[in-house]
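Engineer: So the sequences go chain by chain: V and R.
Converting from the first sequence to my numbering requires adding 188 to each position, the first position being numbered 1.
Converting from the second sequence to my numbering requires adding 2 to each position, the first position being numbered 1.
These aren't lab readings, by the way, just hints derived from the structure by calculation.
It cannot be assumed that every hint is accurate.
[Said to hold, decoys possible] With a Cα cut of at most 27 Å, we get these calculated DSSO-like pairs of lysine-lysine:
| # | chain 1 | residue 1 | chain 2 | residue 2 |
| --- | --- | --- | --- | --- |
| 1 | V | K571 | V | K607 |
| 2 | V | K638 | V | K572 |
| 3 | R | K34 | V | K217 |
| 4 | R | K36 | V | K245 |
| 5 | V | K217 | R | K61 |
| 6 | V | K204 | R | K34 |
[Claimed, not checked] With beta-carbon atoms standing in for the labels, derived distance ranges:
| # | chain 1 | residue 1 | chain 2 | residue 2 | range |
| --- | --- | --- | --- | --- | --- |
| 7 | R | L91 | V | G774 | 17 to 23 Å |
| 8 | V | T802 | R | L91 | 44 to 50 Å |
| 9 | R | E97 | V | E798 | 34 to 40 Å |
| 10 | V | E639 | R | G74 | 24 to 30 Å |
| 11 | R | E104 | V | D294 | 24 to 30 Å |
| 12 | R | R94 | V | P447 | 54 to 60 Å |
| 13 | V | R392 | R | G74 | 37 to 43 Å |
| 14 | V | P533 | R | G74 | 41 to 47 Å |
| 15 | R | P73 | V | E798 | 29 to 35 Å |
| 16 | R | E97 | V | K794 | 38 to 44 Å |
| 17 | R | P73 | V | T802 | 24 to 30 Å |
| 18 | R | R86 | V | L772 | 52 to 58 Å |
| 19 | V | A668 | R | G74 | 29 to 35 Å |
| 20 | V | S525 | R | G74 | 18 to 24 Å |
Quick caveat: nothing in here was measured; it's all calculated off a predicted structure.
Beta carbons are placed, not taken as given, at the ideal position from N, Cα and C, and that holds for glycine.
As a plain string of letters, each chain reads:
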Amino acid sequence: MGVAVYICHCGVNIAKTVDVKKVVEEIEKMPEVTICRDYQYMCSDPGQELVKKDINKYQPSSVVIAACSPRMHYPTFQGTLKEAKMNPYCLEMANIREQCSWVHEDKERATEKAISLVKSAVAKAALLEPLIENEVPVTPAALVIGGGIAGIQSALDIAEAGYKVYLVEREPSIGGHMAQFDKTFPTLDCAACILTPKMVDVARHPNIELRAYSEVEDISGYIGNFKVKIRKKPRYVSEEHCVACGDCATECRLADRIPNEFDHNLSKRSAIYVPFPQAVPLKYTIDPDRCLMITRGKCGKSPKCVDACSANAIDFEQKEEVEEVEVGTIVVATGYSEFDPAQKPELHFNDLGNVLTGLQFERIFAPNGPTSGELVINGKVPKKIAFASCTGSRDKRVGNPYCSRVCCMYIAKQAHLVKEHIPDADVSVYYCDVRAFGKGYEEFYERVQKEGVHYRRGLISEVYEEDGRVHVRGEDSLMAEPFDEGVDLLVLGTGIIPNADSNEMGQLLHISNSSDGFYLEAHPKLRPVDTVTDGIFLAGCAQGPKDIPDTVAQAGAAAAHVIDVLSKGKITIEPYNAVVDTDLCGGCRICESLCPFDAHHFNEEKGVMEINDTLCKGCGVCGAACPAGAISLNHFRDTQIFAQIGAVLND
Amino acid sequence: MTEESFEPKIVGFLCNWCSYAGADLAGTSRTKYKPNVRVIRVMCSGRVDPLFVLKAFEKGADGVLIAGCHPGDCHYMSGNYKTRRRMELMRRMLEQFGINPERLRLEWVSAAEGARFAHVVNDMTEKIRELGPSPINGGATDE
């Protein structure tokens with residue numbers, strides 16, 4: 189009986205600031221405590237063995253581990269208890285590392301606080317009750333949001349393991365940003381050659397249900413049992429009938445008049461279009477914001493696309509469709525947006541024709557791009573080219589203090605490609621640091637320098653036009669001298685930013701965004717693919733800027749997590765749910781309207797409230813509001829919290 | 003008790019998902035702050051029963067901090083809004099007990115705001131130090 193208490197030194201992480209021996213001395217005095225020990229690393233195998241042996245010997249009613257945050261190791265020590273045949277919920281942790289030794293310097297006061305926190309944990313532990321986990325079945329299917337390389341990789345891995353995948357992409361085609369690239373650094377692999385076969389695999393995989401030109405509208409439920417509403421936008425073209433001959437686009441009255449977003453507005457398209465010739469699915473789409481039939485209800489005497497389409501695929505009556513699917517897990521692979529250089533007016537991005545973003549320049553090299561892969565800018569072959577690194581990254585003025593992690597390397601790649609196209613071109617990179625951190629990156633950076641690309645340390649502070657040339661000004665900080673160079677083309681090393689709707693999407697999914705706007709992982713080191721919401725995983729740039737190898741690796745990891753959940757077939761849910769004492773419940777129904785999960789159901793016959801264990805998420809809002817004190821929250825009961833309050837105030 | 007030697011005792015109720023994680027982040031970032039707050043973890047700031055607050059003052063707390071997710075970010079969708087509404091009532095109630103409502107504080111601290119958590123603790127410690135010990139804890143009557 190009683191409480192067994194273990195104080196961890198965590199090497200010196202705790203012991204340096206907290207006098208562990210003194211904590212043990214004080215805790216031993218508590219009447220509830222059966223045994224109190226300290227050990228260097230409680231989470232290590234010998235540490236856990238110590239707990240198991242004591243459980244067998246002393247048969248404590250509960251265990252307290254004073255160590256790191258319960259968010260870190262609560263599940264670890266629950267495992268220890270389980271192995272010793274003890275209920276895993278008869279465990280309380282005192283957080284004396286993250287919330288004590290790491291944040292205080294005065295050893296005496298840190299020790300005093302640690303004692304107080306352990307006393308609080310003991311007081312609660314003495315009142316803990318064994319809890320039984322709820323088991324619910326898992327729907328053997330996954331939702332992958334986003335059809336870039338991250339989503340494609342995750343979807344394929346999950347599908348290959350034998351589970352159904354709904355892959356939702358909001359654009360008319362999957363492929364994402366990678367489909368816009370020509371070559372990839374540092375190996376100079378052709379992006380299309382490694383991506384398009386995967387796109388085709390997605391389309392024909394029997395386990396993948398591709399929902400292109402669709403958006404996730406609503407998500408409800410929880411791990412194992414999510415309900416997802418997918419809204420399929422009307423293409424105004426029957427996917428069944430369209431054979432992608434392209435006659436409609438040629439005939440369209442607005443042919444070659446609409447800026448093509450796939451080419452970052454460097455080319456023009458029709459109002460009926462495919463984003464690029466290798467699109468998957470290869471079906472035409474009518475742009476509802478541009479098409480004259482849709483915007484004005486009239487297109488000459490009759491729409492030319494309809495006349496041109498021999499397959500009779502055009503259908504202006506098509507409506508959006510909302511489909512509801514059930515999945516067990518979700519992978520968020522929603523990608524990124526490119527920084528808009530207009531936010532830095534000194535770069536004159538929109539006023540000068542010879543200034544391009546990194547992605548625009550990618551399209552120039554692409555064989556399916558606006559110049560069919562010829563390095564021609566405004567009809568001329570540029571002879572002198574400047575690159576500006578860190579455009580919109582590591583820049584607090586535009587609110588992006590982080591490094592975008594890919595710009596240094598894509599600049600090096602593009603500089604190399606320029607030299608390949610125009611060997612006598614004068615190419616300079618204006619940088620502040622070069623971050624060539626990946627496998628083979630530093631070597632590639634060195635190779636590019638040897639090919640004659642000049643690296644000048646100093647960011648461009650001003651851009652202006654003179655004699656038809658773009659001039660870049662700034663200071664070379666290694667030479668300690670100003671520079672002012674006229675160039676034929678300035679390429680901005682534009683960084684990666686979160687999508688404009690990332691907060692909105694985060695709320696829909698109940699996952700958090702970190703301060704930079706990307707989605708927050710559950711733990712930066714140990715759970716980089718999980719989110720705080722069980723069953724939802726992250727892949728690719730949605731979680732933060734990363735290159736293709738890292739994206740593919742994370743996508744694979746997310747898929748492995750998904751397969752882990754789906755293969756178990758059932759999931760245990762923490763039993764921290766609210767319970768009603770029907771003897772006390774007066775049937776006032778105040779709690780009913782407070783519950784955001786509709787877990788409360790009033791039993792008319794008995795005149796009391798009932799709470800559904802599976803729907804209840806254990807927030808405890810109802811318990812705090814119940815005027816009769818009839819609702820208590822498992823593991824966070826009023827009596828348990830009162831005991832903690834008393835303990836921390838030395839009562 | 004002189005102002006210098008008075009160390010306020012503050013009880014902090016932190017929601018598991020945002021503020022407790024934010025306090026952990028202050029730890030992993032080694033951001034130093036005053037050791038006056040004793041944290042009690044709850045799953046949601048909406049779990050904080052007004053009775054918890056009263057009990058803390060009764061047992062001698064000089065201040066009570068409730069911290070939860072920012073509006074719109076609640077892990078349980080709307081628990082923090084309920085806390086925000088309850089705050090008004092709790093403040094009025096404290097006044098009737100002769101406790102300065104400034105001793106009760108509600109803050110939004112996200113999982114990414116370790117520095118903000120440290121700031122909140124330091125700031126609150128100093129404010130409570132200025133107010134002096136709680137009247138229940140032997141201090142002068144609150145104004």
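Engineer: Now look at each hint and say whether the structure bears it out.
Structural biologist: The hints, checked one at a time:
1. V:K571 <-> V:K607: 10 Å, holds
2. V:K638 <-> V:K572: The given pair, whose Cα atoms are some 18 Å apart, holds under the 27 Å limit.
3. R:K34 <-> V:K217: 30 Å, violated
4. R:K36 <-> V:K245: At roughly 40 Å apart (the allowed maximum being 27 Å), K245 (chain V) and K36 (chain R) break the hint.
5. V:K217 <-> R:K61: Judged against 27 Å, a Cα distance of about 21 Å means the pair holds.
6. V:K204 <-> R:K34: 15 Å, holds
7. R:L91 <-> V:G774: 17 to 23 Å: 20 Å, holds
8. V:T802 <-> R:L91: 44 to 50 Å: Since T802 (chain V) and L91 (chain R) have Cβ atoms about 32 Å apart, the given range 44 to 50 Å is violated.
9. R:E97 <-> V:E798: 34 to 40 Å: Given about 38 Å between the Cβ atoms, the range holds.
10. V:E639 <-> R:G74: 24 to 30 Å: 51 Å, violated
11. R:E104 <-> V:D294: 24 to 30 Å: 26 Å, holds
12. R:R94 <-> V:P447: 54 to 60 Å: Since the Cβ atoms of R94 (chain R) and P447 (chain V) sit about 59 Å apart, the hinted range of 54 to 60 Å holds.
13. V:R392 <-> R:G74: 37 to 43 Å: This hint holds: roughly 41 Å between Cβ atoms.
14. V:P533 <-> R:G74: 41 to 47 Å: 32 Å, violated
15. R:P73 <-> V:E798: 29 to 35 Å: 31 Å, holds
16. R:E97 <-> V:K794: 38 to 44 Å: Taking Cβ atoms as reference, E97 (chain R) and K794 (chain V) lie about 40 Å apart, which means the hint holds.
17. R:P73 <-> V:T802: 24 to 30 Å: Holds, since P73 (chain R) and T802 (chain V) (Cβ atoms, about 28 Å apart) stay within the stated range.
18. R:R86 <-> V:L772: 52 to 58 Å: 27 Å, violated
19. V:A668 <-> R:G74: 29 to 35 Å: 49 Å, violated
20. V:S525 <-> R:G74: 18 to 24 Å: The hinted range 18 to 24 Å holds for S525 (chain V) and G74 (chain R), with Cβ atoms some 21 Å apart.
Taken one by one, the earlier hints fail for this structure at numbers 3, 4, 8, 10, 14, 18 and 19, listed in ascending order.
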